[in-house]
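Respectively, the protein sequence lines represent chains A and B. Reading the first sequence from the start, the letters are residues 91 to 456 in the working numbering. Reading the second sequence from the start, the letters are residues 1209 to 1582 in the working numbering.
Quick caveat, the hints were computed from the structure, so don't treat them as lab data. Do not take every clue at face value.
[Unchecked claim] Now the in silico label distances, taken between C-beta atoms and shown as ranges:
{"id": "1", "chain 1": "B", "residue 1": "Pro1332", "chain 2": "A", "residue 2": "Pro165", "range": "41 to 51 angstroms"}
{"id": "2", "chain 1": "A", "residue 1": "Pro165", "chain 2": "B", "residue 2": "Asp1374", "range": "36 to 46 angstroms"}
{"id": "3", "chain 1": "A", "residue 1": "Gln168", "chain 2": "B", "residue 2": "Asp1266", "range": "21 to 31 angstroms"}
{"id": "4", "chain 1": "B", "residue 1": "Asp1374", "chain 2": "A", "residue 2": "Ser231", "range": "24 to 34 angstroms"}
{"id": "5", "chain 1": "B", "residue 1": "Phe1235", "chain 2": "A", "residue 2": "Ser231", "range": "28 to 38 angstroms"}
{"id": "6", "chain 1": "B", "residue 1": "Arg1433", "chain 2": "A", "residue 2": "Ala423", "range": "40 to 50 angstroms"}
{"id": "7", "chain 1": "B", "residue 1": "Glu1327", "chain 2": "A", "residue 2": "Arg443", "range": "27 to 37 angstroms"}
{"id": "8", "chain 1": "A", "residue 1": "Glu155", "chain 2": "B", "residue 2": "Asp1266", "range": "22 to 32 angstroms"}
{"id": "9", "chain 1": "B", "residue 1": "Pro1511", "chain 2": "A", "residue 2": "Gly124", "range": "31 to 41 angstroms"}
{"id": "10", "chain 1": "A", "residue 1": "Ala422", "chain 2": "B", "residue 2": "Gly1236", "range": "52 to 62 angstroms"}
{"id": "11", "chain 1": "B", "residue 1": "Pro1332", "chain 2": "A", "residue 2": "Asp228", "range": "21 to 31 angstroms"}
{"id": "12", "chain 1": "A", "residue 1": "Pro137", "chain 2": "B", "residue 2": "Pro1511", "range": "39 to 49 angstroms"}
{"id": "13", "chain 1": "B", "residue 1": "Gly1349", "chain 2": "A", "residue 2": "Asp268", "range": "47 to 57 angstroms"}
{"id": "14", "chain 1": "A", "residue 1": "Asn244", "chain 2": "B", "residue 2": "Pro1232", "range": "53 to 63 angstroms"}
These numbers were taken from a predicted model, which means no experiment stands behind them. Here a beta-carbon is modelled for each residue, glycine too, at the ideal position from N, C-alpha and C.
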Amino acid sequence: MRTKILTTLGVVALAGVASYWTASGVPVAAADVGPQMTSIGPLTFGPDGVLFAADTQAATIYALELGDKANGGAPGTQGVDGIDQKIAGLLGTEAKEVIVTDLVVHPRTKNAYIAVMRGQGAASKPALLRVDGAGKIDIVSFDTLKHTKVALPNAPNAGTNPQRDPRQQSITDMAFADGRLYIAGLSNEEFASKLRAVKYPFATADNGTSVEIFHGNHGQLETRSPVYAFLPYSINNQPHLVAAYLCTPLVKFPVASLQAGTKVVGTTIAELGNRNRPIDMVLYKKDGREFLLMSNTARGVMKIPTDGFATATPITARVATETGGVAYETIAAMKGIEQLDLLDGSRTLALSRSEGTLNLVTAALP
Amino acid sequence: MKSRLLLLLLALSLPLTACHRAEPRPFGIKLVADPAKPAEAYIEVQGLDERRLRSSTDLQGMLSVNVKDPAGSFASVPVAGQYAAAGDALRFRPAFPFDPGRSYRVTFNGLDKRLPIQETLTMPSAAPTAPTFVTHVYPSGDVIPANELRMYVEFSAPMGRRPGLDYITLLDHRGTPVVDPFLPVDGELWNGDRTRFTVFFDPGRQKRGILPNREMGASLVDGKRYTLRVSRDWPDGHGQPLRQAFERSFIVGPPDRSPLDVSSWRISPPREGSSDPLVVTFPESLDHGLLMRAVGVRQNGAPMIGDVRVDADETRWTMTPREPWRAGRYDVVALGILEDLAGNRIGRAFEIVSDDDKEEDDSVMTFIPFSLAR
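Using the sequences and the hints given, assemble the complete structure.
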């Protein structure tokens, strides 16, 4: 009870100010209520169940404190057939008006959170849904959610044509590791492949540092290259990011190399085949071994043992066959996967399309 | 007894309301929509016993609304929203506005939840809007390099949220679609009001030596003619198809792997005292989107604001100042992000050799000075 009172007092004290200071003297953005999101794209969970949600249209990342929206549902997630139709019904529209942008599992309750855009043009609205262990779908209303946010910096402008739309960035993926939120994005004009790191809790005047991620190929030529999916991963106790580009090299780079103003070239550890785009990655352990499970647009779901990541020979020569480097296995049973996350220690949760219908499915880890 | 007295008092103090209540409204299920504010439409079950309605603790159990899908069946999950008692009416406001032209089935179970009455109501259709059409495709020129990096498709009005690449086809000179020429991007790349769609050619196909390029070949072959086709079926922001399909043909020239060289830019200075445009011409077409923001003019280091125009197949940039030119020293500035059609930047080609690489910095500016004499 005492704690409750103290918390309430704390919130009241903070309500009137734009920021407060942590013990280390860094100004931290104060929480507000009712995020005014214009769109909703990639999601990822951070510490204490805070849900990071990207408003790609406004180039802003919201840290949503789910509060009671994180509790109250039956724990876990039960699969739901025809979930696109059910979500559409709940939102008062038809399935083709609903575009799913991401799926994540709450680290504690194991409830699923699904981000969607409802509708087409100017009337299009973001929505967040929760699916619980009984398969019940609820809308998570933004109206009462506490949140902080960070805006990505405006695109560079020479200053002569200042009316030019300053927001040029799309956000392709996010992951949280070691106190930082990593955000991969792509500009709608210059061919940039930025990876931005923002400290959390968000500071008032810090929109993070950004590095340009390069893809080295086999003729010693390098280009900027957009990262499509990535996750934090420790190699020899050193924090790394393992990332997949389009067409589909798997690369690793040490987090320590992600310094502002430096150029980062990932080390290619596998070539996973062309005409393909990675969608999601999860890490899991089974029978004492660790695996990376990666869903793709064209090449199904790949199971990749990670024990070779540290020692994999970087691919610097042309691979003779279609694929090369660290070996992988395609999981034939997992088809039509559009979104993938880890449900618990033994199952995956996925949005999978079959004969035009989107289903929320759980499956044993392969 | 007490409540009767209260009602009497209320009736005396609010004669107008009391009048209303003397003649209760007939029972009815209505969709209340103000044509000026369709997003605020709600459903009301009217003519109910006010007292029983007010004392009910489960309004949601009395009423459910289910959307009708295009096949004619009703969704199994009721529409989410808020329920409230409003006088003699039970009111339902959906969490998201009802869609124009869509039908909803309302099931009223009675105040005692034993009397299901169903009615299907339809939201008024939105006023017809002029069909959207493609206004321009950049680059504007007839010839593009074989390693062209991107195109912009501009529309007359905001477009919908269906994946754009489903509606864009690249046809070769025989009219056969090129397989997977474009880069798929989650969320896709639009400007703020969704009137410009950015299409990236898949750089994996354009870059030399990497797997997709070796296996599938380049998307664009030097010397061949191609057609970019935009399907009429692409739904605009009102869910309507385009006015018509759009096609643009172009010829592919040799790949361009040279960095931009500002020494080849030509500056035509305006006359001092005039408001004539400053004209900068380039030896090749540059990226339209980037020309609009990555090129500028500075006077004594401070940006000059003006009206920017890009034409002549993106080989000419003009800036008309808001105030007449004064004598002095000026610079045309170009940001490090400026690219040509193949993604080459100033002093740095799209494909670089690893060994002689330098750190890349978007904020690097290149200055090209010029002076206006009195």
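task: Take the C-beta atom of Pro1332 (chain B) and the C-beta atom of Pro165 (chain A), compute their distance, and say whether it sits inside 41 to 51 angstroms.
output: Taking Cβ atoms as reference, Pro1332 (chain B) and Pro165 (chain A) lie about 44 angstroms apart, which means the hint holds.
- request: Could you say whether the range 39 to 49 angstroms given as a hint is met by the Cβ separation of Pro137 (chain A) and Pro1511 (chain B)?
  value: holds (42 angstroms)
Beta-carbon spacing of Gly1349 (chain B) to Asp268 (chain A) - inside the hinted bounds 47 to 57 angstroms or not: Holds: the Cβ-Cβ distance is about 48 angstroms, inside 47 to 57 angstroms.
- prompt: If you check the beta carbons of Ala422 (chain A) and Gly1236 (chain B), does the distance land in 52 to 62 angstroms?
  reply: holds (57 angstroms)
message: Taking 31 to 41 angstroms as the stated bounds, is the beta-carbon spacing between Pro1511 (chain B) and Gly124 (chain A) within them?
response: Check passed, 37 angstroms falls within 31 to 41 angstroms.
message: Assuming the hint says 21 to 31 angstroms, is it satisfied by the Cβ distance from Gln168 (chain A) to Asp1266 (chain B) or not?
response: This hint holds: roughly 25 angstroms between Cβ atoms.
- request: Could you check the hint for me, namely that Phe1235 (chain B) and Ser231 (chain A) are 28 to 38 angstroms apart, CB to CB?
  value: holds (32 angstroms)
query: So does Glu155 (chain A) sit 22 to 32 angstroms from Asp1266 (chain B), Cβ to Cβ?
result: holds (30 angstroms)
query: Does 40 to 50 angstroms hold as the CB distance between Arg1433 (chain B) and Ala423 (chain A), or does it fail?
result: holds (45 angstroms)
- prompt: Are Asn244 (chain A) and Pro1232 (chain B) spaced within 53 to 63 angstroms by their CB atoms?
  reply: holds (59 angstroms)
- request: Take a look at whether the Cβ-Cβ distance between Pro165 (chain A) and Asp1374 (chain B) falls inside 36 to 46 angstroms.
  value: Holds - the Cβ-Cβ distance for Pro165 (chain A) and Asp1374 (chain B), about 38 angstroms, lies within 36 to 46 angstroms.
Beta-carbon spacing of Glu1327 (chain B) to Arg443 (chain A) - inside the hinted bounds 27 to 37 angstroms or not: Between Glu1327 (chain B) and Arg443 (chain A), where Cβ atoms are some 35 angstroms apart, the hint holds.
In this structure, every one of the numbered hints holds.
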